[in-house]
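Each chain, letter by letter, is given below.
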Amino acid sequence: MVVELEISSLTKRFGRVTALSSVDLVVEIGHLVAVLGPSGCGKTTLLRCVAGFERVDSGRIVVGGRDVTSLPPQRRRIAVVPQEGALFPHLSVVDNVAYGLPRGSLKRAHEVLALVGLADMGERMPHQLSGGQQQRVAVARALAPRPPVVLLDEPFSALDAALRPTLRRDIRAALRADGATALLVTHDQGEALSIADEVAVMREGRIVQTGPPTSVYAAPSDPWVAGFVGEAVWLPSGHALLAGVRVVGAGERVLLRPEQISVVDGSDAVVVRTDFHGHDAVIGLRLPDGTDLAARILGGAGLPEVGAPVGVRVAGQARAF
Amino acid sequence: MKSAAVAASAVALIPLVYLGVRVGEAGWDRITGEILTERTALLAGRSVALAAVVTVACVVIGVASAFLVTRTDLPGRRVFGVLAALPLAVPSYVAAFAWVSTVDDFEGFWDAALVLTACSYPYVYLPVAAALIGADPAQEEVARSLGRRPFLSVTMRQIRPAIAAGGLLVALYVLSDFGAVSIVRVDVFTRAIFTSINLGFDRTGALVLATVLVLLTLALLVGEHMTRTRGARYARGSLRTHARVRVGWIPVPFLALVSAVALGVPAYALARWFVAGVSRPGSVAEVVTAASQSFVAAALGGVVTLLLALPVGLLNARSPGPLATVLDRIAYVSHALPGLVIGLSLVFFGIRVAYPLYQTIWLLALAYAALFLPLAVGAVSSAAAQSPPVLEEVARSLGRSPLFVFRSVTVPLAAPGIGAGAALVFLTCMKELPATLLLRPTGFDTLATELWTHTDTAEFAAAAPYALVLVLVSALPTWWLSWKSRL
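In the order they appear, the protein sequences are chains A and B. Sequential numbering from 1 applies to the first sequence in the numbering used here. Sequential numbering from 1001 applies to the second sequence in the numbering used here.
None of these hints come from the bench; they were simulated from the model. Hints are all accurate, no fakes.
Chain A regions said to be covered by chain B (calculated; three or more residues, Cβ under 8 Å): (1) 47-60; (2) 65-77; (3) 87-94.
Distance windows between CB atoms, simulated: (4) B:Arg1244 with A:Leu287: 57 to 67 Å; (5) A:Phe14 with B:Arg1039: 55 to 65 Å; (6) A:Thr166 with B:Pro1388: 27 to 37 Å; (7) B:Val1006 with A:Arg75: 31 to 41 Å; (8) A:Leu163 with B:Pro1388: 16 to 26 Å; (9) A:Arg286 with B:Val1245: 50 to 60 Å; (10) B:Pro1388 with A:Leu287: 46 to 56 Å; (11) A:Ser157 with B:Ser1153: 32 to 42 Å; (12) B:Val1411 with A:His277: 44 to 54 Å; (13) A:Glu252 with B:Leu1146: 50 to 60 Å; (14) B:Ala1004 with A:Phe14: 23 to 33 Å; (15) B:Ser1153 with A:Thr166: 42 to 52 Å.
Part of the chain B face toward chain A, derived, beta carbon under 10 Å: (16) Pro1389; (17) Leu1391; (18) Glu1393; (19) Leu1413.
Here a beta-carbon is modelled for each residue, glycine too, at the ideal position from N, C-alpha and C.
From just these sequences and the hints, can you work out the full model?
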C-alpha cells in the first residue's frame, strides 16, 4: 500500500468553534476516498485546509511524502474541483483546462478533455455549456497538470438528480483512467457509497468511521452512523421477530436494514404507509406493541393495502448496539 | 487593504469633519443665536415645504407611470417607459434654464416645484417599475385564489419599499438642489448659503445655514435607513409576467403631458436658443474652452474618486464585516450632503488648513471625490463580485502565483465594471454645479458654471450651447443605467 495523502491530527478552529478536531485520514495512491457527513460537519473545512485555502491550527498534511502543511496553495500541487465548477468565464474551455499547464501544452489539455467526454467542445465558452458539461471541464482542468491529489467539493450536488448517476460514473472512470488520487466530500450517502473506494464518515469535526462502502453500511460503528449511512430499522433485542436471526455484538437495540425485512401472509403487523418508487417500494409497518418498521420490496409485486394485516419475516444477520 | 480603506474613507469625511470643526470654533452661543432667527425659520419652512410638495408630486406621477407602463395594456407603453426615465438626463439647472427662457416671469415656489418634479420623478418611477416587474406574480395569484383583490393587499405592499426609497431620494435631491432654485429665484437654504458666502462673504452665516441643512439631511437619512431595514424582498418566484390591466387609451394624455413638461419644454428651449447661441461670434471657442476645462476637472475628479474607492470597494466585496459596512456607510454620508455644503466646507478647509490646495483644481477634485465616492465604491464592489474568490482559489490550486492569478483572472473579469464606474463618476463630475462654483480657481469656467452664469444674467442664447452639451453628457449614464436595468 502506497500512501499518497496523509492527514494527521488536523485541528482547525474558527474563534470558539472547533471545525476540525484531530482528524486523521489516509488516501492510498489511485484511490478515491469520500468524506461523508451532514452539512456543517466540517468536511468542506477539511478540504479547504488540505487545499491550503485555510491555515490549520495544528496537525500535518503530507502529499507523496512531502509535508505541505505550511505551503501556499500554488506550491502544494493539489487541484480542486469546486461545487459549481467555477470555470473562468472569460476563457474558452480549452484555455480553462490549460490554465495550470505550461504555455503551449495543448496536447495534454485535449487529452483530458477527451477523457471527460468533451473532445469537441474545446472552443466553446463556459456559458455555452450545460451544468454537467461545466463540471466535466472543471474535472479536466484539475486533472490536466497531473496533480498527485485531486479534491472534489460536492461536485454533483448542483445538478439535476437524473444527470448525476451518469456523470458520477464518467468522472469516476476519468479519474481512474488518469490514475488520479482523489478526496471527495459529500453529504449524499448514495454518492459516497457508489463512487468511493473508501468512505470516511464525519460528524461534528471528527471522523467517526473509515472503511470500504460495503463494510461501513454493513457494520456501522455506532447508531448515528447506522442512521446516516443508509436507512435504519431498530428493534429491541430479544424481540420475537429476531428469532432465528444471528445478532452480532451486544446491546439493547438491534439494527436491521429495510431490505432484510419481507412481507408475507399473516398478521404480525399492520401496513401504515406504502412509498412506491417504481423499481422498489418501502412498506411502513406497525407492530402491535407500537414499534415501527420499514420493509423494502421489489416494485413488480402488488402492494398491500394501507391498514391491512401482514406477516413479517427477517432474514440475514443483525447488529446490536 | 484595511488601512488603505480606512484612509480613503477618512479623506471622504474631510468636508463633514471640517464643518464640525468650524461650527465648534464659531462658538455654540453664536450659532444658536443665528439659528433661532425668523429668517432661518422661514428658510427652513420653505425648504421643507418644497421638498414635501415635490416628493408627493413625484410619488404620484412616478407610481402612476410605473403602473401604467408595467401592468397595463396601454398603447405605446414601451415608448412611455423610455420617456419616463429620460428626465434623468436633464440636470435640474438645465430644466430651470429651459423654463425661465421660455416662460416670462417664471419664478417662485410653485414654479420651482414644477421644475424639480419634472426632473426628479424618475427617482420614484425607476425603482417602482423595477419592483412591479420583479414582484412574484404567484403572490397576487394566491390573494386572488383566496378571494381578495390583490392591489392594496399585495401589490402595494410589494412596492412600498421602492416607493419609500424613491421618495426619500427625491426629498434629498430637492434639499440639496442649488442650480434650479437659484435660477427660478426661490429662497431656500442652498440659495441663501450661496448668497451669504458669495455676496456678503458672511462665513458664519453660511456656516450656520449649512449646519441646519446638514441636520435636515441627516433626519431624512435616518428615515431612509429605517425604511431600508424594514424593506421587503420581492424575490422572483417564476419568470411568468403579470396579467395586464385593461386601460385602453384613456391614460395616454396624462403620460403625454408629463413627458411634454419634463422633456418637451427643455427640447423646445434648446432648439429655440441653440442656433442663436452658436451663431454669436466667438461662442464656439468659449464652449470648447469650458468643455475642455470641465473635462480636465472631471477626469481628475474621476481618478481621485476611483483611487479612493478601490480599497473600500474591494474590502466590501472580499472581506465583508462590521468594518467594511461602516466604511461603506461613511462613503454615503458625504454623498447625501448637498454639494454646496461640501463646497463650503472645503473652502474653509482650503483657506485655513490646506492653503496650497486653495484655488487649485485639486481641491475641486477632492470635493468631487467626497460627493461621488459611493458611485465608484458600488461599481468596484460589483466588479469585484464578477471575480469571486473561488476562481482565485482554483487558479492557485493549479499552481499559479497570486500575481499571475491577479493578472490572468481578477483583472480581466473586474476591469469592465470598474471602467464603467469610472465613466459614470466622470460624467457626473462634468455636470456638478454648486461645489464647482465655490471651489473652481478664478477664471476656471466649466460647462455647468457657464450655463449658470449666462442664465443668471438672462443671456439665454449664450447659455443654450452649454445646456445642450450638458444634456448629452447626462444622457450617457442614463442610457447606460437603463440599459443595465433593462427597463
